[in-house]
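Generate the whole structure from the sequences, applying the supplied hints.
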Amino acid sequence: MTGRQFTRRELALDPVELSTLLLGAVIEATGPDGTVAVRLVEVEAYRGLDDPASHCYRGQTPRNAVMWGPAGHLYVYFVYGMHFCANVVGTEDGQPGAVLLRAGEVVSGADIAKARRPSARGNGELAKGPAILTSVLGIDKAENGVDLTDPASPVRLYTGERVPESSIRSGPRVGVAMAMDTPWRFWIDGSPAVSTYRRGGKRRASAPGR
DNA sequence: CAACAGATCGACT
DNA sequence: GTCGATCTGTTGA
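Each residue of the first sequence is one higher than the one before, counting from -10 in the working numbering.
These are computed hints drawn from the structure, not numbers from a lab. Ideal Cβ placement from N, Cα and C applies to all residues, glycine included. Everything hinted at is true.
The calculated label-pair distances, taken between Cβ atoms and stated as ranges, are:
no., residue 1, residue 2, range
1, ASP82, GLY23, 36 to 42 Å
2, ARG151, ARG106, 26 to 32 Å
3, SER159, ALA131, 30 to 36 Å
4, THR24, GLU154, 27 to 33 Å
5, GLY160, TYR69, 18 to 24 Å
Structure follows, in structure tokens:
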């Protein structure tokens, strides 16, 4: 157990503000094989309408509909044909926005986390990267839209130890080609779970033959 | 250590 | 048909 569960009202923030609130917070997910909790150490803000890199920049679609919904819900999307990524919905009232959960440290259920991701290189207690985080937590499309503030929800969000502002760093988001000058990635300085930065950009498909 | 190509499904043009 | 809020193994400095 860590802190108390967040309320929807506490999470109804601009994604940039919500990002710093989520650092150090604990997300806990219960699946058929058990419960895993992760302390968040790296997140990214996506503000929607103003933000060309956001899924909702071009308007509402069936995939991103959750981002228009109430704060404190989980937005899960499938990407690159094999990975799931999880976001916490922040703003409300027609101002879509969310915070991508990028990395964390497993604080309970480490054995289950390891079983779910046996190929995790090195330390299985780290969830270094958004797709690894979701697989360790057992989150997939089925958890899209669940309420993180509901005690009965399969995925819940709790307050953690407060992170001193001096240890919070920010920088450009990972893998984002547009708006690279916007430092909307936030992480806890010194955490081993923080993913290494990879710049975004177009990659031409090469090797036309097979 | 840094950089790149491949894998693979669904949303969007 | 193209490309993506990615990860991993391989290659090269």
